[in-house]
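**Student:** With the hints as your guide, set chain B onto chain A.
Going down the list, the protein sequences come from chains A and B. Take 5 as the starting number for the first sequence in my numbering and just add one per residue. Take 992 as the starting number for the second sequence in my numbering and just add one per residue.
Since the hints were derived computationally from the structure, they do not count as laboratory data. The beta-carbon is built from N, C-alpha and C at its ideal position, and this holds for glycine as well. Some hints could be false.
[As the list claims (entries may be wrong)] Calculated cross-link-like contacts (lysine to aspartate or glutamate; reagent style EDC-like; alpha-carbon spacing at most 16 Å):
(1) A:Lys102 <-> A:Glu179
(2) B:Lys1037 <-> B:Glu994
(3) A:Lys231 <-> B:Asp1084
(4) A:Lys34 <-> B:Glu1104
(5) B:Lys1047 <-> B:Glu994
(6) A:Lys231 <-> A:Asp329
[To be verified] Selected chain A positions facing chain B (Cβ under 7 Å, derived; list incomplete):
(7) Thr23
(8) Asn31
(9) Gln32
(10) Glu233
(11) Val236
(12) Ile240
(13) Tyr246
(14) Ala272
(15) Glu305
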Amino acid sequence: MSTPTNRKIPPAKRNTGKTNPLSAWFNQQKEAMRFSMERMWFNPMSTWITLAAIAIALSLPTSLHLLLKNLQTLTADKRQVPTVTLFLKQQVGEQQAKDLAELMSGLVEVENTEVVTREQAMDKFRKISGFAKTLDTLTENPLPNAVIITPNLQQLGDEAVDVEAFANKLRKYSEVEDVQVDVEWIQRLRAILNIADRIVLVVSVLLGLTVLLVVGNTIRLDIENRKEEIRVTRLIGATNAYIRRPFLYGGIWFGLFGGVLSLVIVHAALLFMVKPVRQLTDLYGNTLFTISGVDVLMTLEILLFSCLLGIVGAWLAVGRYLWKDEQAA
Amino acid sequence: MIEFKQVSKKYPTGQLALYNVNLTLEAGEMVFITGHSGAGKSTLLKLVAMLERPSKGEVLIGNRPLSKLSQSQIPNYRRRIGFIFQDPHLLYDRSVFDNIALPLRISGMGQAETRRRVQAAVDKVGLVGKEKTFPLMLSAGEKQRVGIARAMVNKPTIILADEPTGNLDPELSQDIMYTFAQFNELGATVMIASHDHGLVERMQKRTIVLQKVEP
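Next comes chain A alone, as it looks inside the complex (with noise of 0.2 Å):
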């Protein structure tokens, strides 16, 4: 405020009332957000057509993100990881079974045991396959009964290849009929969700981009119909700052209106989804997972975000118009 030239003219002939400057800095603030604000709804269906875009566009990685995570939530499951499962032959009766079980629970391998027998085997065969009606015609069970093995991985360590010559050891007791790991499925999906993480990385950068460019192009169209306006407040000594305000907050608008709607995008899906889902673990006997959606966190963090790239945006675009305008004068 205090070029030399000001300095010459005396205090009486200055603006009386004038503004001190953290005061006139904060009313230019609530100036320029009330006024970005009003302009955005000027036109209300251009609008919310790009909140729209927005919103999808930020939606689409969130719920990729919130996909993996509760598949990692399952994977990441230490009690199920890995598993082995005995059948024992069909003459091995139900005590013999425990006492095989018992029997394994004192190797130094085994981390826990647990008996399934042919009767809870055919009553969760049952409820899962839908076939009840069916399988009330059989005469006989024909499920054996079977030992569910925790190895303890301590001992074993994690390779699969250990886990394998663990389970041939097993394969040599005599009521044993057939021994089932369930490893492998973990360690491929494992390497699958890696793969699907940097597929999620790349698809949320290139969405992130998608929004920088949305916003950068509604606020140079809103610069373009507004060049008349911008000329006028610079013939009466608008600064620099004060034409590129508005449009950064409208930046910051766009950024979080449509943050806010692809949150509501997302709960909306999850929504969709948690019946679905409930029913399936239902069937896998899993009643300790549930759907975990956006937490206050990551809210924050999505609109941090989303603000962050409209104002990139419109950053870019003013930026672009006034450097544009200044080689010009």
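**Tutor:** For chain B alone, coordinates are given in the frame of chain A:
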């Protein structure tokens, strides 16, 4: 206060608007600039507001050459000037109130003070009751008065007016001129370009006549 030193202005089109102008205005002076159209009245005012730059020579404000102002100092300098354009350059998507308030908002004035100042300016140019109207619904004379109010609302130290009464009836023209004179009495330096000789003579102020010379 305002000094022209051997100023010439040639537009890129080749038109020579001003040739070797030497002129000094004291602080707080009020002068009229007359001359037939195309004599360079508008150009003279535009040079003071830095809307144009001289091709030769130097314009000094308060002994400081304008060519020494950096790009970032220009907005601040312009805020001290109230410029009334021939075409008032109003913003058509904003009400009369918002148009007049523009300079105050640019300098970050608070709501209450802005309202007070705008109201006073509206009062002065006789537009009371039209604050909420949009410029499209105003007559040419009313638009001109909005432009005048906008130029004065910031209490500028320099007022430049390019044919400010061109669209106004004689009575209102006289009123507006008295308003300029009032600002002048409060200490503002005023330059008015006008070809209304009757009005200029009645005001009894220093008059500068621009003449067309062949260089």
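**Student:** Would you mind marking each hint as holding or not holding in the structure?
**Tutor:** Quick rundown of the hints versus the structure:
1. Restraint check for lysine 102 of chain A and glutamate 179 of chain A: the C-alpha separation of about 12 Å stays at or below 16 Å, so the hint holds.
2. A hinted pair counts as satisfied when its Cα atoms are at most 16 Å apart, and lysine 1037 of chain B with glutamate 994 of chain B qualifies at roughly 14 Å.
3. The hinted pair formed by lysine 231 of chain A and aspartate 1084 of chain B meets the criterion: a straight-line CA distance of about 13 Å does not exceed 16 Å.
4. At roughly 15 Å between alpha-carbon atoms, lysine 34 of chain A and glutamate 1104 of chain B fall within 16 Å of each other, so this suggested pair holds.
5. A C-alpha spacing of about 14 Å is found between lysine 1047 of chain B and glutamate 994 of chain B, which places the hinted pair at or below 16 Å, so the restraint holds.
6. Taking the CA atoms of lysine 231 of chain A and aspartate 329 of chain A, the gap is about 10 Å. The hint holds against a cut of 16 Å.
7. For the restraint placing threonine 23 of chain A at the interface with chain B, the shortest Cβ-Cβ distance is roughly 5 Å, inside the 7 Å limit, so the hint holds.
8. Annotation: asparagine 31 of chain A was flagged as interfacial toward chain B, and the flag holds, the nearest CB pair being 4 Å apart, inside 7 Å.
9. The beta carbon of glutamine 32 of chain A comes within 4 Å of a beta carbon in chain B, closer than 7 Å, and the hint placing it at the interface holds.
10. Given the 7 Å rule on beta carbons, the hint for glutamate 233 of chain A holds: about 5 Å separates it from the nearest Cβ of chain B.
11. The interface hint given for valine 236 of chain A holds, since its Cβ lies 5 Å from the closest Cβ of chain B, which is under the 7 Å cut-off.
12. Nearest Cβ of chain B to the Cβ of isoleucine 240 of chain A: about 5 Å, under the 7 Å cut. The hint holds.
13. Among the interface hints, the one on tyrosine 246 of chain A holds; its C-beta lies about 6 Å from the nearest C-beta in chain B, closer than the 7 Å criterion.
14. Taking 7 Å as the C-beta cut-off, the interface hint given for alanine 272 of chain A is violated, the closest approach to chain B being about 36 Å.
15. Interface hint status for glutamate 305 of chain A: violated, as the beta-carbon distance to the closest one in chain B is roughly 33 Å, over 7 Å.
In this structure, the earlier hints numbered 14, 15 are contradicted, and the remaining ones agree with it.
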